[in-house]
Amino acid sequence: MTTGKEDMLDVHRLRRSYRTAARTVDAVGNVTFSVAEGELACVVGPSGCGKTTLLRCIAGLLAPSGGTVAVDGREVSGPPAETAVVFQEYGRSLFPWLRAGENVALPLRPRGLSGRERRARVAEALKAVDLAGAERAYPWELSGGMQQRVAIARAIAYRPKLLLMDEPFAAVDAQTRADLEDLILGLWRDLGITVLFITHDIDEAVYLGQRVLVLSASPTVVMEDVAVDLPASRDQLTTRADPRFAALRSKVYRLIRSAHGERGE
Amino acid sequence: MRTLWRVFALVALPAVLLAVWWFASADSKDFFLPPLSRILNSFDTVWTAQRWRADVLPSVLRLLAGYVAAAILGIAAGTVIGSSRKVRATTEPVLEFLRALPPPVLVPVIMLFAGIGTGMKIAVIISGCVWPVLLNTVEGVRAVDGVLTDTCTVYRVTGARRLFRLTLPAASPQIVTGLRQALSLGIILMVISEMFAASSGLGFTIVQFQRSFAIPGMWSGIILLGLLGVAMSVLFALFERWALAWYLGMRRTGGRE
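Chains Y and Z, in that order, are what the protein sequence lines are. Take the first sequence: its position 64, counting from 1, is numbered 64 in the numbering used here, and each next residue is one higher. So the mapping is simple: the numbering used here equals the position in the second sequence, first residue as 1, plus 1000.
Hints are supplied without guarantee of correctness; some may be wrong.
As the list claims (entries may be wrong) - So the derived list for chain Z, only partly shown, Cβ under 10 Å to chain Y, looks like this:
(1) Gly1146
(2) Val1147
(3) Thr1151
(4) Val1154
(5) Arg1156
(6) Val1157
(7) Pro1169
(8) Arg1241
(9) Ala1245
(10) Trp1246
(11) Tyr1247
(12) Gly1249
(13) Thr1253
(14) Gly1254
If you're looking for bench data, these hints aren't it; they were derived computationally from the structure. Keep in mind it's a predicted model, so treat the numbers as computed, not measured. C-beta atoms are modelled at their ideal positions from N, C-alpha and C, and glycine is treated no differently.
Could you build all of it, start to finish, from the sequences and the hints given here?
Okay, structure coming up:
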C-alpha cells in the first residue's frame, strides 16, 4: 500500500500481541485504515477491544508486533513529531507541580521558541479553551472539565498536525462533556488539524466524526468504516434530533453488538 | 483564636515538663542530678562566645556539610537506580546490606581511611545519612505516574528537562521523607563522630564535661543539643512547606494522591 500524499495517518496491517505466561494474545489483530489531512475520524469498538493499544502504537509509545504506522508520510518508530495526545486520565496527565500555564508551556521549549513566543502561544491556547484567567492556577485547583481543557490547550499550543484523543471525555459529567465536544469541533474547524478521536460512546463518535471506524472485539480488525453524512456544522440539539443521526447511531450500535456476539457473549 | 491555640499546644507540654524538672530537682543533693536552676545558670559561663566559635559552630558546619553531601549523593544515586529496573535488580542486595550496618560501627573503619580530622567526621555523617535519602529516592523515582511519563514522551520532553520537570518533582514527596529521616540521623552521627578522637565539637565537649565531673555543664550541653535538633526540624519544616507547596495543596483539596 502506498502512502498517499494527502493521508496524515496511515495504519497498515497493524498487529500487537501480548505475551502472557501461557500463550501469546493478539490484542490488535490486523488493523488497516488511513485518515486524510484535516479529517476528524472517530474510532469506536466494544470494551476491551484494544482501542488504547491501537492509540499507543500510533503515538509511538508502544512498538507494534507487526505492520506499520505512518504519520505525515513518515513511519513511526518513536513518538512522531507534530503529534499531540490528550489522554483519558486528565487528572494524571497534567503536572500537579506546574501551574496551568506552565503545563501548556512545557512541550514548547524544545521546539526552539523564544520566551515571548512561548508566552503568546500559552495565552492564545488557554483563551481558545476559555481558560484565559486560569493560567496561574494549579491543576488540582480546577474542576475535571477545566483540567481536561488545560490538557487540550497544551495539545493545541504544540501545533500538532495530528491530534490523538483517547476517550478524553469518559470521566466528566454529561453537560461538561457536551461542552467539550463542541469545543473540539470548533478547534478542529478553526485550526484545520487532523484528529483521531477514540471513544466507547457511539453517540459521541457519530456526533463528532466525519467517519466512524468500528472495531471488532479482540483480536481487533476494522469491521466497518462508516461515513457520517451529516451536515458539517453540528449542534447538540438539532444534530442529535436528526433522523439521519439516529440511523447512523443504530447502524454503529448494531455493528458493535455483532462484534460482541462474535466473541460469544 | 486558632493561632493562640496553636501556640498553646506547642509550648504547653515543654513548659509542664520543665516545671516538673525544676521543682523535682529543686533541692536535689544528688551530684549527678543537680537542680535545673544550677544547670540553666551554668549556660552563661559554659557556652561563651569563645566556645560557640570553637565547638558549636564547627559541629554545626560539619553536620551541614555531611548532610548536604549525603543529600546530593543520595538523590543522584537514587535517581539513577530508580530509573532502571536492571540497575535496581543488581544493586538492591548490596544496598540492603549497607543500609543495615549501623553507622557507628563504621567510625573506626572510616578513621583508618580518613584519619581523625574534619574529613572523618563528615564521612561518618555521610555514611549514615545517605541511606534514607537514597532508598526513598529510588522508591519515589520508581513510582512516577505512567501517564505523566507517557505525556513527556509524546511531547518529546527529554534529558535534563525531563529530570527536573518530571522525575525529581514527582519523587519529591518521597525524597523529602528521606531527607527528614536523614536529618535526625545526622545529629546523632555528628555527636558520635566527635566522641572518637576529637579535640573540639559539641559531642566532644559534653564527653569532656562528663569525664571531668562538670555535671551541670554536661547537662547544659545535652539541653543545647536538644535545642539544636528543634531548630533544625523547624527549619526543615519551613523548607518542606516551600518545596512541597503543590503536594500539600493538592492533598488539602482532596486531589489525587
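Hints versus structure:
1. Gly1146: With Cβ-Cβ at 8 Å, under 10 Å, it holds.
2. Val1147: holds (4 Å)
3. Thr1151: Holds - the Cβ of Thr1151 of chain Z comes within 10 Å of chain Y, reaching about 5 Å at its closest.
4. Val1154: holds (5 Å)
5. Arg1156: Constraint on Arg1156 of chain Z satisfied, holds at 6 Å.
6. Val1157: Since chain Y brings a Cβ to about 6 Å from Val1157 of chain Z, closer than 10 Å, the hint holds.
7. Pro1169: Holds: closest Cβ of chain Y sits about 4 Å from Pro1169 of chain Z, inside 10 Å.
8. Arg1241: It is violated, given that the least Cβ distance between Arg1241 of chain Z and chain Y is near 14 Å, above 10 Å.
9. Ala1245: Holds. Min distance 9 Å.
10. Trp1246: holds (4 Å)
11. Tyr1247: Holds - the Cβ of Tyr1247 of chain Z comes within 10 Å of chain Y, reaching about 7 Å at its closest.
12. Gly1249: holds (6 Å)
13. Thr1253: For Thr1253 of chain Z, the interface hint holds, since the closest Cβ of chain Y sits about 5 Å away, which is under 10 Å.
14. Gly1254: Status holds, d = 9 Å.
Violated hint: 8 only; the structure is consistent with all others.
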